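The listed protein sequences correspond, in order, to chains A and B. Be aware that the first sequence starts at 1, since it is given in our numbering, and climbs by one per residue. Be aware that the second sequence starts at 1, since it is given in our numbering, and climbs by one per residue.
Keep in mind that the hints were calculated from the coordinates and are not lab data. None of these values were measured; they are calculated from a predicted model. Just so it is clear, CB atoms sit at the ideal spot from N, CA and C, and this is done for glycine as well. Be aware that one or more of the hints could be misleading.
Keeping only pairs whose Cα atoms sit at most 35 Å apart, straight-line, the calculated DSBU-like set for lysine-lysine is [said to hold, decoys possible]:
(1) B/Lys92 to B/Lys138
(2) A/Lys66 to A/Lys89
(3) B/Lys85 to A/Lys141
(4) B/Lys138 to B/Lys89
(5) B/Lys15 to A/Lys268
(6) A/Lys81 to A/Lys143
(7) A/Lys128 to A/Lys141
(8) B/Lys89 to B/Lys292
(9) A/Lys81 to A/Lys13
(10) A/Lys268 to B/Lys210
(11) B/Lys182 to B/Lys85
(12) A/Lys141 to A/Lys129
(13) A/Lys263 to B/Lys138
(14) B/Lys92 to A/Lys268
(15) B/Lys25 to B/Lys15
(16) A/Lys263 to B/Lys15
(17) A/Lys143 to A/Lys66
(18) B/Lys292 to A/Lys143
(19) B/Lys92 to A/Lys263
Some chain B residues flagged as far from chain A (calculated, every beta-carbon gap over 10 Å) [claimed, not checked]:
(20) Lys138
(21) Ala199
(22) Phe251
(23) Pro291
(24) Ala303
(25) Ser306
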Amino acid sequence: MAEETLLSVQNLKTYFYTDEGVVRAVDGLTYELHEGETLGIVGESGCGKSVHALSVMRLIPTPPGKVVEGEILFSGTNLLKLPEEEMRKIRGNRIAMIFQEPMTSLNPVLTIGEQIAEAVMLHQGLAKKEAYDRAVEMLEKVKIPLARERVRDYPHQFSGGMRQRVMIAMALSCNPSILMADEPTTALDVTIQAQILDLMRDLQQEFHMAIILITHNLGVVAEMADNVVVMYAGRPVEHASVHDTFRDPRHPYTWGLLHSIPKLYERKERLIPIEGQPPSLIDLPPGCTFAPRCPFAMEICVKADPPEYPIASDHYARCYLHSEHATDEERKAAVAAGLAASTLGRRV
Amino acid sequence: MSTVSPNSETILEVKNLVKHFPITKGFIVQRQVGAVKAVDDVSFNILRGETLGLVGESGCGKTTTGRVILRLMEPTSGAASFEGKNIFKLNKEELRRLRRDMQIIFQDPYSSLNPRMTVGDIIGEPLEIHNLARGKEKLRRVQELLEVVGLSPYHTNRYPHEFSGGQRQRIGIARALAVNPKLIICDEPVSALDVSIQAQVLNLLQELQKEFGLTYLFIAHDLSVVKHISDRIAVMYLGRIVEVAPTEEMFANPQHPYTEALLSAVPIPNPGMRRQRIILPGDVPSPINPPKGCRFHTRCNYAQDSCRVNDQPLLDVGRGHYVACEVLPFKHQRSKAAVLKAPAS
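All chains, please: the whole structure from these sequences, using the hints.
Below, the structure is given as structure tokens:
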């Protein structure tokens with residue numbers, strides 16, 4: 001990719017120290033985000049995708065949580081080493097975030113206008129009047145009808161979809177270079193989800209920002225993302241372009257995910273689920289965390305955690321199937337099974 | 001998907017079902033100032049052994065429909081008959097007997113199980129209430145049910161908090177199965193589960209249907225899930241059914257503008273696939289004061305003057321397909337089907 005690297009996360013580890021033990025919520029996440037790119041981070045609940053977002057924003061409650069290792073480089077500065085004062089200038093300003101719950105992430109006793117203006121006054125140093133005008137302008141940008149009147153309304157006067165628009169307006173009011181969107185459409189109905197995704201795409205063009213889209217919905221990722229990180233039990237298991245993630249996935253967990261979702265445009269008598277349950281993050285199995293549920297697990301898989309193996313340029317999978325530990329036959333058989341899960345295989 | 005013979009009999013028939021929730025004002029003397037028209041004139045039927053999917057967005061009345069049919073809520077008006085008996089006319093004793101035939105699985109596996117009861121008590125309770133088994137016999141039956149839903153007999157003495165979401169949903173299914181029901185109303189049974197677990201539960205529901213000849217009313221908002229499990233689908237919007245059709249027919253040839261938009265809005269996990277997306281403007285209107293005429297006209301791209309005045313009844317357009325729209329089915333009828341088929345890109 002020719003675009004410049006905006007955010008570089010290196011071997012991020014965020015642990016929570018609880019009475020029951022150490023919860024390894026994020027355990028070695030690495031990725032790079034480029035200007036204008038949309039990076040999808042997918043995984044099921046508890047895989048660490050939201051904790052990673054909070055780590056980047058430095059919003060992990062400490063204690064019990066702590067970023068124990070790693071680097072988060074934003075335009076060259078390590079966010080983890082920044083004093084809180086400096087971090088505040090970045091958070092909400094250069095890196096903005098929208099959350100899953102548009103119902104609870106707005107302050108119910110402040111008007112929409114006050115909430116948007118607050119951010120602008122704080123970060124951009126605008127006067128109250130100008131900040132209000134900016135709030136109206138932002139509400140117009142997110143296509144809220146009668147913005148000039150609605151800016152005086154309270155959050156409860158808005159529907160779920162409208163509240164998410166307000167959240168987006170607030171996040172974009174300071175012209176951030178990165179928008180961290182944590183399950184932005186999960187709480188919304190599909191027709192409203194389509195509106196919001198459409199809006200995010202338009203605004204990304206207009207503001208030329210990068211988006212980190214955290215979701216469990218593979219459909220949303222396929223439609224929005226340029227590149228995808230698939231996470232399982234705190235670790236990234238596959239990292240590829242959106243095309244390769246769906247057309248040529250290489251990790252058994254990615255295959256499992258693609259197999260288990262019912263598809264709208266094909267008919268299948270039976271879904272192929274991933275057997276078993278995700279592991280407890282306190283008591284992770286030795287070796288590959290997916291090995292206990294993996295139909296292709298080999299001896300080595302339960303002994304040592306696999307490193308990233310390159311598949312192609314910009315395509316990595318943490319799986320021994322792609323190393324010298326697997327015989328050619330094993331690899332071929334597994335890849336054939338994986339192909340069946342991909343969108344490419346389904347056409348055949 | 002189950003195989004339903006075409007001459008299968010109707011097991012449940014719902015006619016002109018209405019459920020309004022009154023809105024009252026005043027503290028001592030309460031007077032009704034309006035009503036939330038949650039379900040407003042809904043009719044459909046379900047054949048024995050069939051799965052009817054009921055889809056719609058939040059607030060469209062799909063859950064209320066399910067609950068009223070079970071008489072967990074009293075209807076405002078209308079009729080529903082199960083194997084010929086009018087459900088709404090039964091007395092308490094008859095109703096209890098009916099509940100042996102009709103069961104429900106709830107959406108939230110976390111709040112639908114009593115945290116202070118063991119799994120054995122939870123699944124065994126319906127057996128006792130309906131005088132089906134007691135003591136040793138009850139325990140044997142509970143263990144058998146646990147095995148049927150893919151859990152182990154030794155789970156009997158555990159509490160709900162010891163289980164994951166998917167396992168809890170299995171417990172809920174075992175509880176529903178305990179009384180050997182004929183019809184199960186599945187109210188968003190997999191919405192709270194992760195995709196890999198969701199697939200396990202969907203497969204289980206299908207296996208049980210085959211094994212016990214169950215009939216499902218499957219209520220959900222996720223179209224891909226509904227499509228996977230249903231033989232026929234009914235689409236609801238603002239308290240009304242706007243379209244009913246066999247699953248394949250519905251997806252190949254949606255006839256209502258709302259169904260069309262709904263299908264196009266679902267994100268497809270295939271980055272190569274390009275579709276024509278129809279984005280509906282605005283939000284769903286309030287069910288307190290639904291629009292006059294066709295309830296969808298405020299967001300419809302095809303709305304004509306007549307839509308704002310005339311209520312649209314369900315019209316038969318053939319092939320078991322019914323649609324509450326007089327505009328779209330007669331406009332560019334076939335072009336839509338072509339767009340919705342997966343292109344070979």
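Checked hints:
no., hint, in the structure
1, B/Lys92 to B/Lys138, "holds, 25 Å"
2, A/Lys66 to A/Lys89, "holds, 21 Å"
3, B/Lys85 to A/Lys141, "violated, 56 Å"
4, B/Lys138 to B/Lys89, "holds, 32 Å"
5, B/Lys15 to A/Lys268, "holds, 33 Å"
6, A/Lys81 to A/Lys143, "violated, 39 Å"
7, A/Lys128 to A/Lys141, "holds, 20 Å"
8, B/Lys89 to B/Lys292, "holds, 32 Å"
9, A/Lys81 to A/Lys13, "holds, 15 Å"
10, A/Lys268 to B/Lys210, "holds, 16 Å"
11, B/Lys182 to B/Lys85, "holds, 14 Å"
12, A/Lys141 to A/Lys129, "holds, 19 Å"
13, A/Lys263 to B/Lys138, "violated, 40 Å"
14, B/Lys92 to A/Lys268, "violated, 43 Å"
15, B/Lys25 to B/Lys15, "holds, 31 Å"
16, A/Lys263 to B/Lys15, "holds, 32 Å"
17, A/Lys143 to A/Lys66, "violated, 39 Å"
18, B/Lys292 to A/Lys143, "holds, 26 Å"
19, B/Lys92 to A/Lys263, "violated, 43 Å"
20, Lys138, "holds, 28 Å"
21, Ala199, "violated, 4 Å"
22, Phe251, "violated, 7 Å"
23, Pro291, "holds, 16 Å"
24, Ala303, "holds, 16 Å"
25, Ser306, "holds, 24 Å"
When the structure is compared with the earlier hints, violations turn up for hints 3, 6, 13, 14, 17, 19, 21 and 22 and for no others.
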